[in-house]
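Colleague: Sequence:
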Amino acid sequence: MALLITAALTFSLAVTFTLTSAKQAVACQIASKLPGKWYSSDDRLSRILVWVSDSCGLYIQAYSTCDHDATKDCVWDKGRSKELFPSKYVAGARYAIYKWNNASEQLLLRPESTGLSVQERIDWSSGATEHFTVHMHR
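Here the sequence shown stands for residues 20 to 157, where the numbers follow our numbering.
Just so you know, these hints were derived from the structure itself, not from any lab.
Glycine is no exception: its CB is placed at the ideal position from the N, C-alpha and C atoms.
Wrong hints could be hidden among the right ones.
What the hints assert, rightly or not - Computed cross-link-like contacts, DSSO-like style, restricted to lysine-lysine with a CA-CA straight-line distance of at most 27 Å: (1) K107 to K56; (2) K118 to K101; (3) K101 to K52; (4) K118 to K91; (5) K97 to K56; (6) K56 to K101; (7) K118 to K97; (8) K118 to K56; (9) K56 to K91; (10) K107 to K52; (11) K52 to K97; (12) K118 to K107; (13) K91 to K101.
Claimed, not checked - Beta-carbon label-pair distances, calculated as ranges: (14) W143 to S74: 33 to 43 Å; (15) N120 to C75: 31 to 41 Å; (16) K52 to S144: 31 to 41 Å.
Using the sequences and the accompanying hints, generate a full structural model.
Modeller: Right under this line is the structure:
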């Protein structure tokens, strides 16, 4: 009998936790304008996916037009997702950093009334720095 009661309580807590985290994720997604698929005509950053985790963290996957096939998008960093962090400098903006063997690249996402702008800063190992902005739409 005690085992049955323990099992029932454990199941009840698991269901409650799952429902609570699902509600929290939905609330986080509604509160943010970033989650979803974003596209651009720029080959350097042709698409990004932004989603909300169960703990309200925002994550990104970035894509560029593939070098070997311009009709496809190739995921950055072997598909590893990056967490977006709040910018201390730009209200409402979020950023992620990618580290490559020859550069460090920062993406700063800024929601706009007509879409999303992504400011990129690339710090090359050679010491050179490159800046550009990509405008994205859904």
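Colleague: Going through the numbered hints above, which ones does this structure break? Give me the numbers in ascending order.
Modeller: Of the numbered hints, all hold.
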